[in-house]
Amino acid sequence: MLHLLNGPQTLGNGRGFWISAGFVLAAALIYPAFADPYDVGNFAYFLIWVFMALGLCLMWGYGGMLSFGQTFFFGIGGYAYGVFSVDLGNAYGMALGDFAMAVLLAGLAAAILGYLMIYGRIGGVFFGIVTLSVTLALAFFLGQTAGPEWAIGEARLNGFNGMQGMSPLSIPWFGGGIDLEETALYYFVLILLVCTYLALRVLVNSRVGNVLVAVREDPQRTELLGYDVRRFQFGAFVLGSMLAAVSGVLYTSWGQFITPSSIGLPAAAMPIVWVAFSGRSDLTAVLVGTFVLLAVFQTLTIYSEQAALILMGLILVVTVMVAPQGCFVGLSRIANRLPKRNRTLRVPSAEPG
Amino acid sequence: MFADLFAYFYQFADVFAFLVLSAAGLAVIFGMMGIINMAHGEFIMCGAYATTFAYHAGLPLPLAQACGVVAAGLIGIVLEATLIRPLYSRPLDSLLVTWGLGLIATQGTLIVLGSSMAGIGTPGGGFRLGGYGFSIYRMILFAAALCVLAFIYLLFKRTRFGIYARATMQNANMAQALGVRRNRIYALTFGIGAALAGLCGALYAPTMTLIPTMGATFIVEAFVTVVVGGANVLLGTAPAAVALAVTRTTLNGLYGQVFGQIGLLLAVVLIIRVLPEGFSGWLAKRAS
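Each protein sequence line maps, in turn, to chains A and B. Note that numbering that gives the first Met the number 0 has the first sequence beginning at 0, numbered continuously upward. Note that numbering that gives the first Met the number 0 has the second sequence beginning at 0, numbered continuously upward.
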C-alpha cells in the first residue's frame, strides 16, 4: 500500500522530495507556537480550500473531466452542515456526524448528476456547461430563500444574506467536546489535509489511478482494452465532488456562516483558476499552487476585490495561452530534468532512470 | 377562454424569445467551431451597456440597439483573432480563456462604471385583453426572436458565406484545400455570434436593471438551449427552444418562477440522458 505513495502519476518521488515535505510539515505543525491565533485561523482558512482544489485535480487533471461544479458541491456540503448542526446540535461528537452526513449528501447529489451525465456520455465542453448551469441555478435558488417559509427545522436559509449561527465542529473529549476554532481547527484541517493528500497519492498511483489517466488520454482505447470507462469517471467525479463538500463543511464551520455568493459566479471560477495555474496533472503542484494563489488573492483583496478577481482572470488567460500544463508542473519538470541530465553526463554508468 | 389561451401563448412567447435570443450567439459559435464561448454573458452585457450609452447620448432606441450589436460584434472579431485562434485544436482551453475574459470583463466594468447604471424605460406601452395586461415590447421581442432564427437560416442556407461556413463545419481541412479561407470564416462566425449576443443585450436592455453581472441571468438559459439543441444550429435551436419554453411556461404557471427554472434544468438533464447529442443529433440520425 505505502509503496504506491510514489509512482508514475505523481511528481516528487525522490528522497529529497519527501525530506523537504517533512520539513514543511514540521514547520506547519510548530507554526501556531510562533503566531497569534488570528493568523493561525487565517492559515487554516487557506488550507480549507485546498480540498476542493485537490478534488478538481483528481477529476480534471487525472480523469479528464472539466467540472465547473465544484462550488455546487461546496455549497451543498456547507448548507447541509449548517442545517444539520442547527437542527441536531454539535454535542457528543454529533458535529462529526453532521460533517459526515453533509459530505455524504453531496456525494449522493454527485452520484445522481454524475450518473446522468457520464452514463449519458456527456463529455468535453458539455460536461463543463451542464455542471456550471446546475451551479448557477443553485445559487439563484438559494438567493431567493429569504422568506420564513424557507426553513428546514430550526434552520432558516435566509436568502442572499446566507445562513448564520451554526455551531463549529467539535470533537468529543473527556468532560465536554473541544470546539474546533482557530488553533484547534488549524490542527484538525492540517491533519485532514495531510491524510487526504497521501490517500489521493496512493489512489492515483494504484491500478484505478492508472486506468483513470488512460481514460483521460484516450477513452476509446481504454474501452477497447476492456475497462468500463464510465465507472472510473463516475468514481472520480463523486470522490472529487465530495472533497469539494469537505471544503464547504470546513468553511461553514470556520466562519459559522455561508452565503449563496460562495456558490455562484465569480466564486465558481476560483477552483478552476487555482488548478489550471498550478498544473492540473499533479496533486502536489495543486496543493502548493492553490495555497500561493489564495495568499496572493487575500493580500490583494484588502485593497480591491475587483482588482484581485481581474488578476485571477488574467492568470487563467495567461496560463492557458503560455503554459497550458500549468505553472508549477512546468517548473518542476524543468527542475527535475536539469540535475538528472548532468548526472548522466558525468557518471554514464550510474544507475539508470 | 380566448384570453386565457392568449395569456398562455404570451407567456410561452416571452420564454421562447428569451431562450432563442440568449442562445443564438452561443449556438452559432458552438455549431461552427465547437467552442463554447464562456464570455457569452459578458458579450450580452456589452451589448446592453453600449445600447444604453448610445441612447443616453441622444440616439433613438433602434439605432442605439444597432450600436450595441456592432460593438459586441467588433469586440468578438478582435478577440477571435488574438486569443481564440491559437486554441482551435484545444476546445477545452478556449473554454477556460473565454471564462477568464468574462471574469475580467465583469470586474473591469464594476471598477470603471460602478455597480449599476441608469437604464432605459421599457418602450411600447401595453394593451389589455380579457382582464389581463400585456406589454407590446414583449411581443416585439418574440418577433425579434423569430427574425433571428430566420436570419440564421437564410445566412447559412442562402448565402455564399453560408455555403463556405457549412463546408468548413463539415470538414475544415477539405474546405481549406478547396480554397475556403478558414480563418476568415471562423473570425466572421465568431463576430456574428458575438453580435447576436450583443443583440440579446440590446433588446433586453430596456427591460432590466443594468448591472455588470447581468450576463449571468442569461447564460443558464443559453447553455441549456444549446445543450438540448445539439451541435447543428439550423436543426437544433428552434425545436429545443420550443420544447424548453413549453416546459418552463407550464411549470411557471403551476409552481412559480423558481421551480420553473429548477424544473427546466431537471428536464434538460433528463433529455441529455436520453438524447446525448441533442435534438439536432437525433433529427439528423432519423433523417439518414
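Bear in mind the hints are in silico, worked out from the structure with no lab data behind them. We treat Cβ as the ideally placed atom computed from N, Cα and C, and that holds for glycine. Some hints here could point you the wrong way.
What the hints assert, rightly or not - A short list of chain B residues far from chain A (calculated; beta carbon distances all over 10 angstroms):
hint	residue
1	Ala80
2	Tyr87
3	Trp98
4	Thr105
5	Gly107
6	Leu109
7	Gly123
8	Phe160
9	Asn172
10	Ala186
11	Val219
12	Gln260
13	Arg272
Unchecked claim - Short, incomplete list of chain B residues facing chain A, as computed with Cβ under 8 angstroms:
hint	residue
14	Phe1
15	Pro85
16	Pro90
17	Leu94
18	Val96
19	Ile103
20	Gln106
21	Ile110
22	Leu112
23	Gly113
24	Ile135
25	Met138
26	Val226
27	Leu233
28	Gly262
29	Ile271
Claimed, not checked - Quick list of simulated restraints, FRET-style, between CB atoms:
hint	chain 1	residue 1	chain 2	residue 2	range
30	A	Val291	B	Gln175	51 to 59 angstroms
31	A	Ala150	B	Ile135	40 to 48 angstroms
32	A	Tyr302	B	Thr208	23 to 31 angstroms
33	A	Glu148	B	Arg159	52 to 60 angstroms
Against the structure, the hints:
1. Listed as outside the interface, B/Ala80 is consistent with that label: its C-beta sits roughly 14 angstroms from the nearest C-beta of chain A, beyond the 10 angstroms cut-off.
2. No beta-carbon of chain A comes within 10 angstroms of the beta-carbon of B/Tyr87; the shortest separation is about 13 angstroms.
3. At the 10 angstroms boundary, the C-beta of B/Trp98 falls inside the reach of chain A, the nearest C-beta of that chain being 6 angstroms off.
4. The Cβ of B/Thr105 does not lie farther than 10 angstroms from every Cβ of chain A; its closest approach is about 7 angstroms, which violates its non-interface assignment.
5. With a closest Cβ-Cβ approach of about 6 angstroms to chain A, B/Gly107 is found to fall inside the 10 angstroms limit, against its non-interface label.
6. A beta-carbon of chain A comes within 10 angstroms of the beta-carbon of B/Leu109; the shortest separation is about 5 angstroms.
7. Every Cβ of chain A is farther than 10 angstroms from the Cβ of B/Gly123; the closest lies at roughly 28 angstroms, confirming the non-interface assignment.
8. For B/Phe160, the non-interface assignment is confirmed: its Cβ lies about 25 angstroms from the closest Cβ of chain A, beyond the 10 angstroms cut-off.
9. Interface exclusion of B/Asn172 from chain A stands, the closest Cβ pair being 20 angstroms apart, more than 10 angstroms.
10. Chain A leaves B/Ala186 outside its interface by the beta-carbon criterion, the shortest separation being 18 angstroms against a cut-off of 10 angstroms.
11. With a least beta-carbon separation of about 5 angstroms from chain A, B/Val219 fails to lie farther than 10 angstroms from that chain, contradicting its non-interface assignment.
12. Some Cβ of chain A comes within 10 angstroms of the Cβ of B/Gln260; the nearest lies about 6 angstroms off, and the non-interface call is violated.
13. Under the 10 angstroms C-beta cut-off, the non-interface status given to B/Arg272 relative to chain A is violated; the minimum distance is some 4 angstroms.
14. With its C-beta approaching chain A no nearer than about 34 angstroms, B/Phe1 sits outside the 8 angstroms limit, and its interface hint is violated.
15. The interface hint given for B/Pro85 holds, since its Cβ lies 7 angstroms from the closest Cβ of chain A, which is under the 8 angstroms cut-off.
16. The interface hint given for B/Pro90 holds, since its Cβ lies 6 angstroms from the closest Cβ of chain A, which is under the 8 angstroms cut-off.
17. At about 6 angstroms, the closest approach between the beta carbon of B/Leu94 and any beta carbon in chain A falls short of 8 angstroms, and the interface hint on this residue holds.
18. A cut of 8 angstroms between beta carbons decides the hint on B/Val96: the least distance to chain A is about 5 angstroms, and the hint holds.
19. Taking 8 angstroms as the C-beta cut-off, the interface hint given for B/Ile103 holds, the closest approach to chain A being about 4 angstroms.
20. Restraint check, B/Gln106 versus chain A: the minimum CB separation of about 4 angstroms is within 8 angstroms; hint holds.
21. Interface restraint check: B/Ile110 against chain A, minimum CB-CB distance 5 angstroms, threshold 8 angstroms, status holds.
22. Because the smallest distance between the Cβ of B/Leu112 and any Cβ of chain A comes to about 11 angstroms, over 8 angstroms, the interface hint for this residue is violated.
23. Evaluation of the B/Gly113 hint against chain A yields a violated restraint, the C-beta minimum of about 11 angstroms exceeding 8 angstroms.
24. Nearest Cβ of chain A to the Cβ of B/Ile135: about 28 angstroms, over the 8 angstroms cut. The hint is violated.
25. Taking 8 angstroms as the C-beta cut-off, the interface hint given for B/Met138 is violated, the closest approach to chain A being about 27 angstroms.
26. Hint on B/Val226 holds. Least Cβ distance to chain A is approximately 6 angstroms, under the 8 angstroms limit.
27. Checking B/Leu233 against chain A by beta carbon gives a least distance of about 19 angstroms; that is not within 8 angstroms, so the hint is violated.
28. Using the Cβ-Cβ criterion of 8 angstroms, the hint placing B/Gly262 at the interface with chain A is not satisfied: the shortest such distance is roughly 10 angstroms.
29. For B/Ile271, the suggested interface contact is upheld, since its CB lies about 5 angstroms from the closest CB of chain A, less than 8 angstroms.
30. Between A/Val291 and B/Gln175 the C-beta distance comes to about 43 angstroms, which lies outside the given range of 51 to 59 angstroms.
31. Distance hint check for A/Ala150 and B/Ile135: the Cβ-Cβ separation is about 41 angstroms, which falls inside the suggested range of 40 to 48 angstroms.
32. A beta carbon spacing of about 28 angstroms between A/Tyr302 and B/Thr208 agrees with the range 23 to 31 angstroms that was offered as a hint.
33. Look at A/Glu148 against B/Arg159: about 59 angstroms separates their beta carbons, and that is inside 52 to 60 angstroms.
In terms of the numbered hints stated before, the structure departs from hints 3, 4, 5, 6, 11, 12, 13, 14, 22, 23, 24, 25, 27, 28 and 30, listed from lowest to highest.
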